[in-house]
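Keeping their order, the protein sequence lines are chains A and B.
Throughout the first sequence, residue numbering follows our numbering, covering -12 to 583 in sequence.
Throughout the second sequence, residue numbering follows our numbering, covering -12 to 583 in sequence.
Each hint should be verified, as a subset may be incorrect.
As the list claims (entries may be wrong) - Derived DSSO-like pairs: lysine-lysine, alpha-carbon spacing no greater than 27 Å straight-line:
1) B:K68 / A:K319
2) B:K213 / B:K319
3) A:K68 / A:K135
4) B:K496 / A:K213
5) B:K371 / B:K319
6) A:K496 / B:K371
7) A:K319 / B:K496
8) A:K213 / A:K135
These are computed hints drawn from the structure, not numbers from a lab.
There are 2 protein chains.
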Amino acid sequence: MAPDNPLLRDRDVAFLLYEVLDAPGLTRLPYFADHGRETFDLFLGNVARFARELAYPAYRPMDESPPRFEGGRVHVHPRVKELYPRLSALGLQNATRPYAIGGQQLPYCVHALASAYVAAANAALGGYVLLAAGAGRLLETFGSDELKERYMRPLYEGRWAGTMALTEPHAGSSLADVRTRATPMPDGSYRISGAKIFISGGDQDVTENIVHMTLARIDGAPAGIKGVSLFVVPKRRIEGNELVDNDITVAGVIHKIGWRGLPSLALSYGDRGDCHGWLVGEPNRGIPHMFQMMNEARLGIGVAGVATASVAYHEALAYACSRPQGRPLGQKDPATPQVPIVEHADVRRMLLRQKAIVEGALCLVARTALLADLAEHEIDAAAKERARLLLDLLTPVAKTFPAERGFEANVLALQIHGGYGYSSEYLPEAWLRDQKLNSIHEGTTGIQSLDLLGRKVVAGGGAALRMLGEEVRASAERARRRGVPADLVDAVLGALATCESLTMHLAGKGLGGDVEGMLLHSADYLELFSIVVVAWQHLDMAAAALGADPPTDAFHAGKRLAAAYWIRTEVPRVASIAELCRSGEDSYARIRPEEL
Amino acid sequence: MAPDNPLLRDRDVAFLLYEVLDAPGLTRLPYFADHGRETFDLFLGNVARFARELAYPAYRPMDESPPRFEGGRVHVHPRVKELYPRLSALGLQNATRPYAIGGQQLPYCVHALASAYVAAANAALGGYVLLAAGAGRLLETFGSDELKERYMRPLYEGRWAGTMALTEPHAGSSLADVRTRATPMPDGSYRISGAKIFISGGDQDVTENIVHMTLARIDGAPAGIKGVSLFVVPKRRIEGNELVDNDITVAGVIHKIGWRGLPSLALSYGDRGDCHGWLVGEPNRGIPHMFQMMNEARLGIGVAGVATASVAYHEALAYACSRPQGRPLGQKDPATPQVPIVEHADVRRMLLRQKAIVEGALCLVARTALLADLAEHEIDAAAKERARLLLDLLTPVAKTFPAERGFEANVLALQIHGGYGYSSEYLPEAWLRDQKLNSIHEGTTGIQSLDLLGRKVVAGGGAALRMLGEEVRASAERARRRGVPADLVDAVLGALATCESLTMHLAGKGLGGDVEGMLLHSADYLELFSIVVVAWQHLDMAAAALGADPPTDAFHAGKRLAAAYWIRTEVPRVASIAELCRSGEDSYARIRPEEL
């Protein structure tokens, strides 16, 4: 464990905010008017310091001592109890929220990068914040004033923690099949009964209360998605000035292979018939309410994904620069000293590949977060709508690319460590375990790919995709003017055109009634789309790097090489993936279970 | 953990041996003359039964209780002590060896498939056999009669265990830098001193003795590869009728993340100056001796890789067929029952992808093992030489493809299990951990790719590659005659031609003195080459499946769909990888550490 692992490089963060994405440009909007680079850097600096000095040293102890279930309660590593209030003191739960409710009105793009430091240091610890923020946000948006006062406030202040209680044992991702019941009471509350599973943070001994944002079905509600409502169901309910037990019990602990500082639980509601819940928002609108917050939740997973790949990349780089082994090709003289393994071309390939994935993904999540800022606070209506459409379009990519390709980067970081990488004395294997969750929670990669192709790219008659094309073409023009090599610019434009015409083709299939045919290669489509979107990030970064002074700076040269690597090795795959998506190759559509 | 997981399907094994590869054809050779399908099936059946009934149930306990280091000794799970003698009773250590030394003269291709059952059930347990067999084989080939009697015999009889003690802490894969010293004694023995690391099975409480096949440098030997010799260094040496401690101590335990029933240790030789070793083979020829046995050792890793992917595939398939969740696309009625997830196209894609990887890899390792049989026992000199060249060529692929793509398959098996896959209550995560080792030990993937491109494909002026081309073209013709769709046959032939011309191009670079340029994309080259080689396996399997009666059998239909899937989704990538290898894209050759 390198004690000086930067988690993320401050310079990368500054490069994205100030050289690539122009985050200070947001301060033209009234909501962000008090801000500027100085306040951004202050926030980022405080969070980065916390991440490096407190969260990172707690990572290994938390990974080694997973939650214990004793006496009906879940006990987590004591460091969580120490650190969670400090996270709240930094304002991570609500820094982006309005002053009026205790927030700092910071842009989400700044907050996302700040969160990345914490997630890189300690994904499980970051998870507590993600959950509290998500629960608070649902209450902020849909809750009555009373519910906000009672539940949102302590969540945002970091006194309480939150959960998202969606999944049930018999149905997994299929929210249409939620069975948890909510029976109306004369006082306007509900009695909740049912079972949930995989509830992260569903119990702990860190905060005095836990707010479960719970999907349940009001008695007599229609079957399916349209009969599911959203409730706030606290672990301990407020009665007078007291918190009393609200009849939610831990039915089991899932032994997760990563994020081990954050328990994942099976919960049982209302075993004694005394579990009280309160409706949030409109009845039977639980799923749409939940999904309205989904972009930020999914983007939060994207941040965790890139962060987990980033910390491993920096560890692998430090190892490769310090571990001597072997000699350059052609140097056969055994009397010469061994060289650090970074001198071997294949090791540099593995490092540059990680760099291209990590930096491309970081730019993508920061950009998507900036779109979220515009979608919420832009004052020009057309620009606001444009941001919303682009945000919707990019979210499944910003969630999935860091998870899937980040995992690939984590594998390479382990591989660079050789036999040491295969041992738990070194951290790459732990980060690999952490990363794997990100392709599963908040919608699996399969679900994201259906969302992208079946919903997002065809939304509004393809308006979002047209806007994406405009953005990429504008970036390409800028890159060309700044001197990015023409073959790189042309390759990205070519891949974009391929993606556009493929989308048209597939959408046509869908419109023609062949929805199965349209979605058959949705996983491949997501991969293709992601390659193009990430190539766009690299094009922008390369352009910014060329605009920088002095142009020979190693930092900026690295950006240009990462862009060249990505565009020359990944973008050429777009053509063959597109061909596959068009081919009608249907072996897995046709195969029957007994043939597998 | 599915109690009825088949590990491998018996029918797949029979299909490969009797419908695809014609293993009984080997019995025309004198060495195998006593054998036939009946003896093959008897051996396979016994091993499969052992694997299912004893080795598989021991897997989880062994994974959960890794070796303990107490009182200077390493204690492994007690089941190993129960099961190791039974493995020996089955003859796994030496079934392929001559009758004269206690073997059964079975073909290695039968033995490799039998070993795959054990490795699928319990990779760590299989590891003990791999090591004993490898150590025995070195002694059989290079040892004096006395050393064979003393050390090889108890290894082959399974009374003792063995290790391969190559790696040292300061040098990892760089065997030129071995420092362990061997000082000659008047009685012809040597005193050994030095340090080794990552020694699998380097200590345990299973067998009364452990035979360490150890690389060391005789005093005064030249520096580098050419001064390394091979020694047999037992944990306890024979003095009179006794075994006495031979001064090898455990310096540390590596906490491996997988293969946890098999300890990986740091060893210290000769701390008291009393560690005796005996030279095996010629002085200073340790590395060539070791490498002469390398094909089988690497193929053994390939078998472990495909086995670990296979057991996970069968688990994921069973899970997907039994886990209800969600409804088909277009079925919106929530009153209809949920369907098993195998009904979702993307789940079937993940299953078919695993199937294509697992079955392609299994065919490849069986074929490579059959080449090893011919390379050792063929009586026609030209055919024997041809087999040797093809064996050398295919070994890096048969080692690496199951490790790398098997890992991908293991990831998919976990993903199919969703949140359950992320927990240690289910086994997919354990198999994922096991699999990761296979890209590291016995030569990392990077080393295999240099071996393939830098050595194997250019050996003998490209003779091996020409022969491979002949084999693939003959398979293609047969496939065409049997009715495999022309687009599949043509795609494989096209990819083969691309591979051949790319190889020529790269070899030309090397001959022109630009060895670095030739090897720049060796990792990509290995991937391209593997896709083609595995496509060849699928072509052969599809042809065999079409030749079968009845042609509508689900088993054979599955083979044809797996072939179609592989050839239509992977083979198209060959063109773009080849373009990359030719492009001179050199971002990672050029990048400097400070730019990373």
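Quick rundown of the hints versus the structure:
This hinted pair does not check out: K68 (chain B) and K319 (chain A) have alpha carbons roughly 45 Å apart, beyond 27 Å. For the hint pairing K213 (chain B) with K319 (chain B), the CA-to-CA distance comes to about 71 Å; that exceeds 27 Å, so the pair is violated. Our distance criterion of 27 Å between C-alpha atoms is met by K68 (chain A) and K135 (chain A), whose separation comes to about 24 Å. For the given pair, K496 (chain B) sits about 65 Å from K213 (chain A) by alpha-carbon distance, which is inconsistent with the 27 Å threshold.
Taken as a hint, the K371 (chain B) and K319 (chain B) pair is broken in the structure, with Cα atoms around 63 Å apart against an allowance of 27 Å. In summary, the hint linking K496 (chain A) to K371 (chain B) is not supported, as the alpha carbons are separated by about 55 Å, beyond the 27 Å threshold. A distance of roughly 20 Å separates the Cα atoms of K319 (chain A) and K496 (chain B); the hinted pair therefore holds under the 27 Å criterion. Between K213 (chain A) and K135 (chain A), the direct Cα distance comes to roughly 25 Å. Compliance with the 27 Å bound is thereby established for this hinted pair.
The structure fails hints 1, 2, 4, 5 and 6 (numbered hints given earlier, in ascending order).
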